[in-house]
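Those sequence lines, one after another, are chains A and B. Sequential numbering from 1 applies to the first sequence in our numbering. Sequential numbering from 1 applies to the second sequence in our numbering.
Read the hints as simulated data drawn from the structure, not as lab findings. Glycine included, every Cβ here is placed at the ideal spot set by N, Cα and C. A portion of the hints provided could be inaccurate.
The following label-pair restraints were derived from C-beta to C-beta distances [as the list claims (entries may be wrong)]:
#1 B:Thr197 to A:Leu21: 37 to 43 angstroms
#2 B:Ala136 to A:Val151: 36 to 42 angstroms
#3 B:Asn90 to A:Ile132: 57 to 63 angstroms
#4 A:Met1 to B:Glu51: 47 to 53 angstroms
#5 A:Val151 to B:Asn90: 41 to 47 angstroms
#6 A:Tyr4 to B:Glu75: 54 to 60 angstroms
#7 A:Arg164 to B:Lys135: 39 to 45 angstroms
#8 A:Met284 to B:Ala247: 56 to 62 angstroms
Footprint (simulated), chain A over chain B, 3 or more residues, beta carbon under 8 angstroms [said to hold, decoys possible]:
#9 95-105
#10 123-131
#11 160-173
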Amino acid sequence: MGRYVIRRLLWTVLVVLVVTLLTFVVFYVMPPGNPSVRFAGKQPTPELIAQVEKQLGLDRSLPEQYAHFLRRLFLGDGTECPLVYRPLCSIESVENFVVLDTGGCATGVSGCGWPGLGMSFDSRTAVRQELIERTPRTLSLIFGAAVIWLVVGVSIGVISALKRRTIWDRLAMGFALFGISAPVFWLGLVALWIFTVKLPFSDSLGTGYVEFGNDPVGWFTHLILPWTVLALLYAAFYARMTRGNLIDTMGEDYIRTARAKGLPERRVIFKHGLRASLTPIVTMFGLDVALLVGGAVITETVFNIQGLGNYAVQSAVSADLPAMTGVVVIVAFAVAFMNLVVDIVYAYLDPRVRYS
Amino acid sequence: MSQVHASPRGEPLLEVRDLRVHFPTPDGVVKAVDGLSFSVRRGETFGIVGESGSGKSVTCLTALGLINRKSALVEGEVFFKGRDLLKLSNEELQKIRGKELAMIFQDPFACLHPMYRVGDQLVEAVQIHDDMSRKAARERVVELLAAVGIPRPRERVRDYPHQYSGGMRQRAMIAMALLHNPDILIADEPTTALDVTVQAQILELIERIKEEFQIGVILITHDLAVIADVAQTVMVMYAGRSMELGARDAVFDKPLHPYTWGLLESIPRVASKGELLVPIEGAPPSLINVPPGCPFHPRCPHRFSPCDDQRPDFKDRGGGHPEACHLSAEDKRRLWSEREARRTKVAV
Ligand SMILES: Nc1ncnc2c1ncn2[C@@H]1O[C@H](COP(=O)(O)OP(=O)(O)OP(=O)(O)O)[C@@H](O)[C@H]1O
Ligand SMILES: [Mg+2]
Chain A
1 MGRYVIRRLL WTVLVVLVVT LLTFVVFYVM PPGNPSVRFA GKQPTPELIA QVEKQLGLDR
61 SLPEQYAHFL RRLFLGDGTE CPLVYRPLCS IESVENFVVL DTGGCATGVS GCGWPGLGMS
121 FDSRTAVRQE LIERTPRTLS LIFGAAVIWL VVGVSIGVIS ALKRRTIWDR LAMGFALFGI
181 SAPVFWLGLV ALWIFTVKLP FSDSLGTGYV EFGNDPVGWF THLILPWTVL ALLYAAFYAR
241 MTRGNLIDTM GEDYIRTARA KGLPERRVIF KHGLRASLTP IVTMFGLDVA LLVGGAVITE
301 TVFNIQGLGN YAVQSAVSAD LPAMTGVVVI VAFAVAFMNL VVDIVYAYLD PRVRYS
Chain B
1 MSQVHASPRG EPLLEVRDLR VHFPTPDGVV KAVDGLSFSV RRGETFGIVG ESGSGKSVTC
61 LTALGLINRK SALVEGEVFF KGRDLLKLSN EELQKIRGKE LAMIFQDPFA CLHPMYRVGD
121 QLVEAVQIHD DMSRKAARER VVELLAAVGI PRPRERVRDY PHQYSGGMRQ RAMIAMALLH
181 NPDILIADEP TTALDVTVQA QILELIERIK EEFQIGVILI THDLAVIADV AQTVMVMYAG
241 RSMELGARDA VFDKPLHPYT WGLLESIPRV ASKGELLVPI EGAPPSLINV PPGCPFHPRC
301 PHRFSPCDDQ RPDFKDRGGG HPEACHLSAE DKRRLWSERE ARRTKVAV
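Generate coordinates for the entire structure from the input sequences, incorporating the hints supplied.
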C-alpha cells in the first residue's frame with residue numbers, strides 16, 4: 001500500500017510537470033499578444049520593450065524559460081525574486097523607467113519561497129503569495145458546495161429511486177432537470193437579486209469573502225448563496241446518477257438474495273443497495289471536486305470571491321504566464337491527488353478492485 | 001382442484017392452489033402463472049420443468065413474497081404450515097423467508113453481494129432470525145460451510161465472493177439457505193450456470209441435505225435429465241400452467257401430455273445412444289396472447305376440435321395422474337406407444 005501511494009505520488013509530480021510544460025509550449029507557440037508591450041508604458045520604445053522582455057524572461061528560448069520555471073519550482077524562489085527585481089530598480093533610476101514602479105522593487109517581494117512560482121507579470125507580486133491567499137477561498141467554496149450537493153443530490157436520488165413513478169419522483173426529477181439546465185451565472189444573479197436586493201438580508205449575505213479566522217459567522221453567511229448556487233448543478237447530476245444506479249442495483253440478483261434471507265426492506269436498500277450504487281459516485285465526486293479548484297469561475301465572479309478560478313481567467317486574459325502556470329500547477333496537482341484518493345477509497349469500497 | 005394427488009408421505013408442507021400471477025404491462029397483461037396447483041411434502045424433491053418463460057421462477061418467487069405486489073396481480077392460495085402466504089404482511093413474510101422457506105438461485109456469480117465478505121453475508125442471515133452473538137453466528141456459518149463442502153471454511157469465510165469459484169458460491173448459497181434448517185428449500189435452476197461435474201456435485205449435495213434434514217425441495221430446471229436423477233414428483237409447466245403432474249417414473253415411462261412427449265423426445269436417454277432427437281416445433285407462446293383453449297395446441301401434432309377453444313381441465317383422465325389434455329386416456333396410450341416405436345425404430 002505504502003509503495004503504491006509513493007509510486008502514485010511520483011506519477012502525480014510527473015503529470016504536473018507535463019501539464020506545465022504544455023502550458024509553456026502553448027504560451028510560447030501562440031503568444032497572446034506581447035505582454036511586455038503593456039508594461040512598457042504609454043509610448044513604448046523598442047528598447048524599452050526589449051528591456052521589459054528581458055526582465056520578464058520572455059527573450060529567452062522555450063527550454064530556457066521552462067528550465068528556469070523548473071528550477072524555481074523545485075528550489076523555491078526565496079533568494080531569486082529580490083534578485084530579479086534589483087536590476088529593475090537600477091533601470092528605473094538610470095533610465096527613468098517608471099512603468100515598473102511597484103513596491104517590490106526596492107524591498108524585495110513578499111511571499112517568495114518554496115515551491116517558487118515566479119512573479120506575476122501583471123501585479124508584480126509573487127504568484128505563490130497570490131495563490132496562498134486565494135486557495136482557501138476557493139476551497140471554502142468547494143467544500144461547502146460539495147457537502148450540500150452530496151447530501152441533497154444523493155438523498156433526492158434515493159427518494160426518487162424508491163418512490164419511482166410517484167409524484168415525489170416526478171418532483172425530484174423536475175428539480176434535477178431545472179438544476180442541470182439553469183445557467184450558473186443566471187442563477188447566481190437571481191439569487192443575489194432576491195436575497196440582497198429584494199429581501200433585507202443584504203448585510204449578512206452579501207458578496208465577497210470573509211476570512212474564517214476573522215469571522216466564522218460572516219464566512220458562513222457570505223458563502224451560503226455561492227454554495228447553494230454552485231451545488232445546485234451538481235446536486236441535480238448526482239440525484240440523477242444516484243437514482244439510476246440505485247434502480248439498477250435494486251434489480252440485481254444479490255438484492256433478491258438479501259430479501260430471500262428475510263432482511264427488512266430498509267436494510268436491503270441501505271446496506272445492500274446503497275453500498276453498491278454509491279461506489280461509482282465516489283469516483284465522480286473526487287474528480288468533480290478537483291476540477292472545481294480552478295473551475296468555479298462563474299460562481300467566483302458573480303459572488304466576487306477572489307479565488308483560483310477567477311485568477312485563472314484574469315491571468316489568461318492578461319497573458320500573465322507565471323500566474324496562469326501557477327493555477328495550472330495547483331489544478332493539475334488537485335486532479336492528480338484526488339485521483340489517487342479516489343483510487344484508494346475505491347479499492348477500500350470495492351474488494352474486486354483491491355485484489356486484482 | 002385442491003387435492004392434486006394422494007400423499008404417500010404425509011400431509012403436504014406447501015400447497016399451491018389455483019395460483020395466478022399477472023403482470024400488467026404497457027403491451028398488455030403478462031399471464032406468467034395462470035391457474036397452477038401443486039403440493040410438496042416433507043422429504044420430497046418436487047421437480048418443475050418447462051421451457052424458458054413458462055413461469056417457473058415467478059411461481060416460487062410469489063410463494064416467497066418476492067414479487068412486487070404493486071406491479072403484479074396475484075390470486076390463489078399458497079398454504080404453508082397452515083397459513084396462506086399470500087395473505088401475510090411483508091413483516092410476517094420476512095420472518096418466514098430464509099428461516100422456514102429458503103431459496104437459492106440460478107446464477108451464483110450474481111447472487112452474493114460483491115462488496116461484502118461471504119462470511120459476513122451469512123452471519124447477517126443468521127442474526128436476522130436468531131438472537132445470536134456475532135461469534136456464535138460465525139461458528140454456525142463455519143459449521144455449515146464445512147457441511148456443504150467448502151474447504152478450510154474457517155479461512156474462507158473471510159473471502160469475498162469473487163475469490164470463490166462458481167461451484168463454491170453455489171455451495172455458499174446453499175449453506176446460507178440451510179442456516180436455519182428450513183422446511184422447504186427452493187432451488188431455481190441451481191446448476192444451470194455451472195459446469196457438468198460441479199452440477200452433479202451440487203445436485204448430490206441438495207439430495208443429501210434433503211435426506212438428512214427431511215425437508216421438502218422444489219427443484220426448478222429445464223433439464224429433464226436432472227429431474228430424472230433426483231425428483232420424486234414432476235410437474236411439467238407450459239405457458240404458466242401445469243400440463244402434467246405425477247410421480248417421476250409415471251411421467252417418464254407413461255407420459256400423458258403431448259408437450260411432455262415433445263420434451264422427452266428432445267433429450268437423449270442414457271440407455272439408448274443412437275436415438276433420434278426431435279425438438280418441439282414452434283416457439284412458446286407470448287404470455288400476453290396465450291392461445292385460447294390449450295396453450296400448446298398450435299404446436300401439437302395431435303390437436304383436434306376442442307383444443308383451440310376449450311381450455312382442458314387439469315385432472316386425471318384415467319392415465320394415473322392429472323394432466324391437461326383433451327385426448328382420452330386410450331388415445332394417449334396409443335399415440336405415445338406409436339411415437340416411442342417410431343423413435344426407437346430410427347435408432348435401430
Ligand atoms: N415483473 C415482471 N413484469 C412483467 N413480466 C414478468 C415479470 N417477471 C416475470 N415476467 C414474465 O413472466 C414470464 C415467466 O417468467 P419466469 O421467470 O417465471 O420464467 P421461467 O420459467 O423461470 O424461465 P427461465 O427458465 O428462463 O428461468 C416471462 O415471460 C417473464 O417475462
Ligand atoms: Mg427462471
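Practice item. Determine whether the Cβ-Cβ distance between asparagine 90 of chain B and isoleucine 132 of chain A falls within the hinted range of 57 to 63 angstroms. Key: Between asparagine 90 of chain B and isoleucine 132 of chain A, where Cβ atoms are some 58 angstroms apart, the hint holds.
Hint says 36 to 42 angstroms; check whether the CB-CB distance for alanine 136 of chain B and valine 151 of chain A agrees.
-> holds, 38 angstroms
Arginine 164 of chain A and lysine 135 of chain B, beta-carbon distance inside 39 to 45 angstroms? holds, 40 angstroms
Self-check item: Verdict on chain A covering the segment 160-173 of chain B, where coverage means 3 or more residues with a C-beta closer than 8 angstroms
Solution: holds (count 4)
| said: I want to verify a distance hint. Is the separation of the beta carbons of threonine 197 of chain B and leucine 21 of chain A within 37 to 43 angstroms? | reply: violated, 59 angstroms
Original post:
Taking 8 angstroms as the C-beta cutoff, is the stated coverage of the segment 123-131 of chain B by chain A satisfied by three or more residues?
Top reply: holds (count 4)
If you check the beta carbons of tyrosine 4 of chain A and glutamate 75 of chain B, does the distance land in 54 to 60 angstroms?
holds, 58 angstroms
Alanine 247 of chain B and methionine 284 of chain A - C-beta distance against the hinted 56 to 62 angstroms:
holds, 58 angstroms
Cβ distance range 41 to 47 angstroms for valine 151 of chain A and asparagine 90 of chain B, holds or violated | violated, 29 angstroms
Exercise. Counting residues of the segment 95-105 of chain B that have a beta-carbon nearer than 8 angstroms to any beta-carbon of chain A, does the count reach 3?
Worked result: Contact hint for the segment 95-105 of chain B vs chain A: holds, 8 residues under 8 angstroms.
Has the hinted range 47 to 53 angstroms been met by the Cβ atoms of methionine 1 of chain A and glutamate 51 of chain B? Holds, since methionine 1 of chain A and glutamate 51 of chain B (Cβ atoms, about 51 angstroms apart) stay within the stated range.
Hint check: violations occur at hints 1, 5; the rest are consistent with the structure.
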